[in-house]
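Asks: Listed here are the chains, written in short residue letters.
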Amino acid sequence: MTLATQNELETDAEVRPDGRARVVLRGRLNEQTVVGCWSRLEKELKEKKVETLQVDVSGLGFCDAAGLTLLLYLNMGRMTPQATVSVFGLKAELERILRELTLEEHEAFQPQSATKSDTYVGRTGWKIGQMSRDFQEEMVFLGAVVASLPMSIFHPKRSRWAETRRVVELAGANAVPIVSLMSLLLGFIIAFESARRLAEFGAQLYVANTIMVVMVRDMGPLMTAILLAGRSGSSFAAEIGTMKVNEELNALKTFGLDPIPFLVVPRILAGVFVTPLLTFYSILMGVIGGVIVMLGLGFTLPLILHQLASSVHLNDVGIGIAKSAVFGVIVSAVGCWHGLRTQQGPSAVGLSTTRAVVTSLLLIIVADAFFSAISFLLK
Amino acid sequence: MMNAPNDIAISVKDLTVGYGDTVILQNVNFQVKRGEVFMILGASGSGKSTLLKAMIGLYPPLSGEVWIEGGNLVAAQGKERLALLRKFGVTYQSGALFGSITVLENVRLPLDEFTELPDPLKEVAALARLNLVGLGAAADKMPSELSGGMQKRAAIARAMVLDPKILFLDEPSAGLDPITSAGIDFLITSLHHFGFTFVIVSHELPSIYSIADRVVMLGSGAKGIIAEGKPEELRDRATDPWVRRFFNRQPDPGYSVEPSGNL
Chain A
1 MTLATQNELE
11 TDAEVRPDGR
21 ARVVLRGRLN
31 EQTVVGCWSR
41 LEKELKEKKV
51 ETLQVDVSGL
61 GFCDAAGLTL
71 LLYLNMGRMT
81 PQATVSVFGL
91 KAELERILRE
101 LTLEEHEAFQ
111 PQSATKSDTY
121 VGRTGWKIGQ
131 MSRDFQEEMV
141 FLGAVVASLP
151 MSIFHPKRSR
161 WAETRRVVEL
171 AGANAVPIVS
181 LMSLLLGFII
191 AFESARRLAE
201 FGAQLYVANT
211 IMVVMVRDMG
221 PLMTAILLAG
231 RSGSSFAAEI
241 GTMKVNEELN
251 ALKTFGLDPI
261 PFLVVPRILA
271 GVFVTPLLTF
281 YSILMGVIGG
291 VIVMLGLGFT
301 LPLILHQLAS
311 SVHLNDVGIG
321 IAKSAVFGVI
331 VSAVGCWHGL
341 RTQQGPSAVG
351 LSTTRAVVTS
361 LLLIIVADAF
371 FSAISFLLK
Chain B
1001 MMNAPNDIAI
1011 SVKDLTVGYG
1021 DTVILQNVNF
1031 QVKRGEVFMI
1041 LGASGSGKST
1051 LLKAMIGLYP
1061 PLSGEVWIEG
1071 GNLVAAQGKE
1081 RLALLRKFGV
1091 TYQSGALFGS
1101 ITVLENVRLP
1111 LDEFTELPDP
1121 LKEVAALARL
1131 NLVGLGAAAD
1141 KMPSELSGGM
1151 QKRAAIARAM
1161 VLDPKILFLD
1171 EPSAGLDPIT
1181 SAGIDFLITS
1191 LHHFGFTFVI
1201 VSHELPSIYS
1211 IADRVVMLGS
1221 GAKGIIAEGK
1231 PEELRDRATD
1241 PWVRRFFNRQ
1251 PDPGYSVEPS
1261 GNL
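Quick note, the sequences are listed as chains A and B, same order.
Mapping the first sequence onto this note's numbering, position 95 (from 1) lands on 95, and the numbers just tick up by one.
Mapping the second sequence onto this note's numbering, position 120 (from 1) lands on 1120, and the numbers just tick up by one.
Hints listed in this document are in silico derivations from the structure and should not be mistaken for laboratory results.
Misleading hints may appear alongside valid ones.
Straight-line Cα separation of at most 30 Å, DSSO-like style, residue types lysine-lysine; simulated pairs [unchecked claim]:
| no. | chain 1 | residue 1 | chain 2 | residue 2 |
| --- | --- | --- | --- | --- |
| 1 | A | 127 | B | 1141 |
| 2 | A | 91 | B | 1033 |
| 3 | B | 1013 | B | 1141 |
| 4 | B | 1165 | A | 91 |
Derived coverage of chain A by chain B (criterion: at least 3 residues anywhere in the stretch with Cβ under 8 Å from a Cβ of chain B; other residues may be distant) [said to hold, decoys possible]:
| no. | region |
| --- | --- |
| 5 | 35–45 |
| 6 | 48–58 |
| 7 | 88–101 |
| 8 | 345–351 |
A virtual CB, placed ideally from N, CA and C, is assigned to each residue, including glycine.
Please build the complete structure, drawing on both the sequences and the hints.
Replies: Structure (structure tokens):
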């Protein structure tokens, strides 16, 4: 049966009832004509029971790489899996190329899946095993950090204070503008929202108490930590991750330098130092924001300041600052940890950065809840 | 279109490359014949890779022309430039495989982007190229799972999947052991039989002697070509002593390991 004349290619295909098939190609088999030829051959041959397939290409005037690929596909029996295929009439030069292109059976080399079992129980078990391995690695990391800290404290000359100062500047001083803006606006928001509700009870003066308690005990430390996680934790992960991808960590190790005291400890020390300072600053800016709103509501400054001073105790401030120090450790340690765990490949650093931020945020919230519960029970 | 002799694949005319006021190569002229293994040699920092990148259109030259298969790549725009880019394939020093997809997907990528072929044919075409470079078995591996030599071979497979006429290879043997390096040379020789024209940047002497038909040598500080010809001829008969030292692997006469007293 003559199928069609496509552009400059003529394709004849015949399938006999006894399973013998014959394809004759004439004209130019190139990137353009292959597409039409392919779909017609597939339609004609694929559903039929073909035992032998003869492909006659003696009439081909031109055959490019795409055409050769089609002949290769037919020759490999991919279109007619049960059939014995022979391609004949090819020019000697092209025949040699066709022979050299014959494929190894690549299906035999499918990669082994890391997940050994496909059952639900198997997958769950594998996941639990993976989590326990991760936990083990995290504990080893934590142990190494804790073991390295005394050396930094008791042997300050061996510590990398220049690196710590650099990180303090990057994570702390450079974050001041964004912390200022965020905290000031946070103060505005809390003051406006609470003023509306408290006005119903004639207690607008207590806006000062609300701002002070919320900023000192929760929002100040929490928002600063969230900002640091997004800004500095991600940067730690990306920086150390890139060093790992570039084999700089291997270079450190071959010098006999442990990356934990060399890279991680300075960042954790910087985090512990910077986060409480930024938190204190954040509280101050938040309260200023609230004071501005209260001045707008008609209260006098001495009255507002008196109300602010009477609303929190020193231990509230202590809890807020203690929280922020813990948040600082979480942000720095998690950032460095994910940086050190970076795998190979272009997406690895991005993945580590994302994981560092998400894990930091999760742990910050968990730690905050823990602090709230403890302080409630202690009262 | 240019009326180039039929056997000329690439013609570089008065090419000057640099950035700002710094000129790296000045008025470089040479031609590459069709089907030739042509090598660009020179000392480190002499501008070999810069010349290659100017030839493939990555660095716009300050002046001059690069004619590839009858089209001027420097002046070509839009579809004309795309058509010229399809006439050659390039591999980079690091292999530059995309790390987030498998080796097979790397080789298949240009077919997905530039052809309308049916998917099964694309897969066979990509696998055929991988088989040709001896990597049929590594088709489903990630690039990070391959050795340096395998990555370079996979990059060659990717470079030739669109059936270009010319392959540009930037230091294909750099950093490889002699056996793997010889394997790459063998691959280039085998592919040469398929009719490819090769332009290779290298300073590996064994590769130069075993596969190069003709070479140009860039001089350190000369901002251009200081020698051109067959490697054996340049080794034995070059007038420039630096070129002879290069081919005979001899140090500069002034080179000394005597303590200078500064340490």
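Asks: Checking one constraint from the list: CA of residue 1165 of chain B to CA of residue 91 of chain A, max 30 Å. Satisfied?
Replies: Holds, at about 20 Å.
Asks: Closer than 8 Å, Cβ to Cβ, for at least three residues: run that test on the region 345–351 of chain A against chain B and report holds or violated.
Replies: holds (count 3)
Asks: Take a quick look at whether residue 91 of chain A and residue 1033 of chain B sit within 30 Å of each other, Cα to Cα.
Replies: Measuring from Cα to Cα gives roughly 25 Å; hence the hint holds.
Asks: Counting residues of the region 35–45 of chain A that have a beta-carbon nearer than 8 Å to any beta-carbon of chain B, does the count reach 3?
Replies: holds (count 4)
Asks: Check the hint pairing residue 1013 of chain B with residue 1141 of chain B against an upper bound of 30 Å on the C-alpha distance.
Replies: violated (43 Å)
Asks: Does the region 48–58 of chain A contain three or more residues whose Cβ lies closer than 8 Å to a Cβ of chain B?
Replies: violated (count 0)
Asks: How does the coverage statement for the region 88–101 of chain A fare against chain B, requiring three or more residues with Cβ below 8 Å from a Cβ of that chain?
Replies: With 3 residues close enough to chain B, the hint holds.
Asks: Decide if the proposed pair is consistent with the structure: residue 127 of chain A and residue 1141 of chain B, CA atoms, cutoff 30 Å inclusive.
Replies: At roughly 23 Å apart (the allowed maximum being 30 Å), residue 1141 of chain B and residue 127 of chain A satisfy the hint.
In summary, the numbered hints that this structure violates are 3 and 6.
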